[in-house]
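Novice: The listed protein sequences correspond, in order, to chains E and X. For the first sequence, the positions run 0 to 301 when numbering that gives the first Met the number 0 is used. For the second sequence, the positions run 0 to 301 when numbering that gives the first Met the number 0 is used.
Each hint should be verified, as a subset may be incorrect.
[Stated by the list, open to error] In silico BS3-like pairs for lysine-lysine, Cα to Cα no more than 25 angstroms straight-line: (1) Lys215(E) with Lys253(E); (2) Lys253(E) with Lys253(X); (3) Lys215(E) with Lys284(E); (4) Lys253(X) with Lys44(E); (5) Lys148(X) with Lys148(E); (6) Lys59(E) with Lys76(E); (7) Lys76(X) with Lys284(X); (8) Lys148(X) with Lys208(E); (9) Lys148(X) with Lys44(X); (10) Lys215(X) with Lys284(X); (11) Lys215(E) with Lys117(E); (12) Lys284(X) with Lys148(E); (13) Lys27(E) with Lys208(E); (14) Lys253(X) with Lys76(X).
[Unchecked claim] Partner residues are not named here, just some residues of chain X that face chain E (Cβ under 8 angstroms, in silico): (15) Phe14; (16) Leu95; (17) Lys137; (18) Gly264; (19) Leu295.
Just so you know, these hints were derived from the structure itself, not from any lab. Please read all numbers here as calculations on a predicted model, not as lab measurements. Heads up, the beta-carbon is just placed ideally off N, CA and C, and yes, glycines get one too.
Listed here are the chains, written in short residue letters.
There are 2 protein chains.
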Amino acid sequence: MEIMPNGFPSYSSDFTETMEFYRIETEKKLELLCGSFCEENDRYKSLYDAAEYSLKAGGKRIRPVLTLELCRAYDGKLSDALTAAAAIEMIHTFSLIHDDLPCMDDDDMRRGRPSCHKAFSEAGALLAGDMLIAMAGKVICESSLDAIKKSEMLSCLYDCTIGMIEGQTVDISGNFTDIGGLLQMYSLKTSELLKASCVMGCIAAGADKEDILKAKEYAYNLGLAFQIVDDILDVTSTEEQLGKPVGSDEEQNKITSVTLLGIDGARALAAEFTEKAENILCEMKNSSFLLQLTDLLLKRKK
Amino acid sequence: MEIMPNGFPSYSSDFTETMEFYRIETEKKLELLCGSFCEENDRYKSLYDAAEYSLKAGGKRIRPVLTLELCRAYDGKLSDALTAAAAIEMIHTFSLIHDDLPCMDDDDMRRGRPSCHKAFSEAGALLAGDMLIAMAGKVICESSLDAIKKSEMLSCLYDCTIGMIEGQTVDISGNFTDIGGLLQMYSLKTSELLKASCVMGCIAAGADKEDILKAKEYAYNLGLAFQIVDDILDVTSTEEQLGKPVGSDEEQNKITSVTLLGIDGARALAAEFTEKAENILCEMKNSSFLLQLTDLLLKRKK
């Protein structure tokens, strides 16, 4: 794979190899930041162990991939976007840790391993999540970016964090009965962080306002399509494909796009948001990677 | 009370009136920021209600007072320090909400009212605390300060937030047996936020590095003395004076400066930190208000 002077793979690179490059670079950055967390003090080592346990749980690192790719698309430098990518993953991880807690979704397992509060303790998981919200801000403040970019990124990061928390509030209170309410909740819970991922990549590269608006619109539609595809897979997939029990939404009496619109209605809506996301990409420069990523996320079988 | 062109009370103003001025200005700023939180959406109104419930629980607003007073001492403008003062109070409030949760200290009451999770729900209190960490950053990002001051303040704010979380980790794990460990825990749990309060006031005013160092040292000693005085009052005060049961530390088998050093040893240590704090103030300009505040906090009977 050819690496350009700005640190990114060249556009002729293979999609899968580029995905892998982004994942590895993000994990290296997280490792570096985690390593500098704790220093010598073992009185509160458990705090960082709990955060690291969840940060290292893996996954495709979709959000950092978006940050890095948007920075590449707008001709930025890899090193300017990596801290933002790590910060985004910290916020994502905080939300998973706190969402799994007994007073929230009460999930004992996450990605095939015990969730953070099961592996450590409830108090430990609560504090690790809290710490990650603050750490995401701290690593951006301490990066080598200029003060204006830092402040723009932090504004974007904490705006989306608040949006996610609003979304979780709607979700647990069940304060919606129609498709409009459901989509608003999905937008807050999922699209907000995807938006911040894209926008922070744009800021790292110094993209202009119009490009940032397009990136936001892409992320909004991507997030909604992603959630609706999730609803559909819960009904149509097999347990083997999904790696978790199918039909769990129905069992829990959850309101989803499938319960509200039926399977065909949900499919039509997913197709609509997918098309919108793809149309925006077609107006953006250097978007072939993002088109493939969108395809991967929205046409998945699990 | 005479108000100077920079928005602060003149130095000839009465101590108690100035304290009251700072409290009212902080609460007005919080009210303004809270009012703009929620806008029209009542699907997640409960999130902001829970945060507001705890933000409005009152108290002397010591931390905002420090921020505002340090800004006055270094000739800054009131308007430049008010957002920082509000952000500090948000972080303080987050820590109270999460510390009270059942998996942490499990306190049903806070300042004579049901704690946040009792008045709302555990999930509601968890989310309100999370939101306040993010909101503290957001309000600074959205203030009219220049980007460098914003970034310096945010670095300071999230550093201290992490320190507090480390302190709470040490506290609940009981990972200390000697006075050194106890003081480190007190420093993290209490001094860190007092330090940030002072430093953010200095940053607002554009104070130089040397002055910031002095402010930090003052806050460090103030925090330790404050905690040791707390330990002493738990033993020597009456229930009537304290407004809560005395002797609760002993009942809970808590390690405190009194259990480790005896009452006279704790008094001697409190006097030592108090003297250090006062000596630093004597080297600082315009410190008469801070000397009175230190006296109020460290010679209190409740």
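Novice: Compare the structure with each hint and give your call.
Specialist: How the hints compare with the structure:
no.: 1; hint: Lys215(E) with Lys253(E); in the structure: violated, 28 angstroms
no.: 2; hint: Lys253(E) with Lys253(X); in the structure: violated, 45 angstroms
no.: 3; hint: Lys215(E) with Lys284(E); in the structure: holds, 15 angstroms
no.: 4; hint: Lys253(X) with Lys44(E); in the structure: holds, 22 angstroms
no.: 5; hint: Lys148(X) with Lys148(E); in the structure: holds, 13 angstroms
no.: 6; hint: Lys59(E) with Lys76(E); in the structure: holds, 22 angstroms
no.: 7; hint: Lys76(X) with Lys284(X); in the structure: holds, 17 angstroms
no.: 8; hint: Lys148(X) with Lys208(E); in the structure: holds, 24 angstroms
no.: 9; hint: Lys148(X) with Lys44(X); in the structure: violated, 32 angstroms
no.: 10; hint: Lys215(X) with Lys284(X); in the structure: holds, 15 angstroms
no.: 11; hint: Lys215(E) with Lys117(E); in the structure: violated, 36 angstroms
no.: 12; hint: Lys284(X) with Lys148(E); in the structure: violated, 35 angstroms
no.: 13; hint: Lys27(E) with Lys208(E); in the structure: violated, 31 angstroms
no.: 14; hint: Lys253(X) with Lys76(X); in the structure: violated, 43 angstroms
no.: 15; hint: Phe14; in the structure: violated, 34 angstroms
no.: 16; hint: Leu95; in the structure: violated, 13 angstroms
no.: 17; hint: Lys137; in the structure: holds, 4 angstroms
no.: 18; hint: Gly264; in the structure: violated, 23 angstroms
no.: 19; hint: Leu295; in the structure: violated, 30 angstroms
In the structure shown, a violation is registered for the earlier hints numbered 1, 2, 9, 11, 12, 13, 14, 15, 16, 18, 19, in ascending order.
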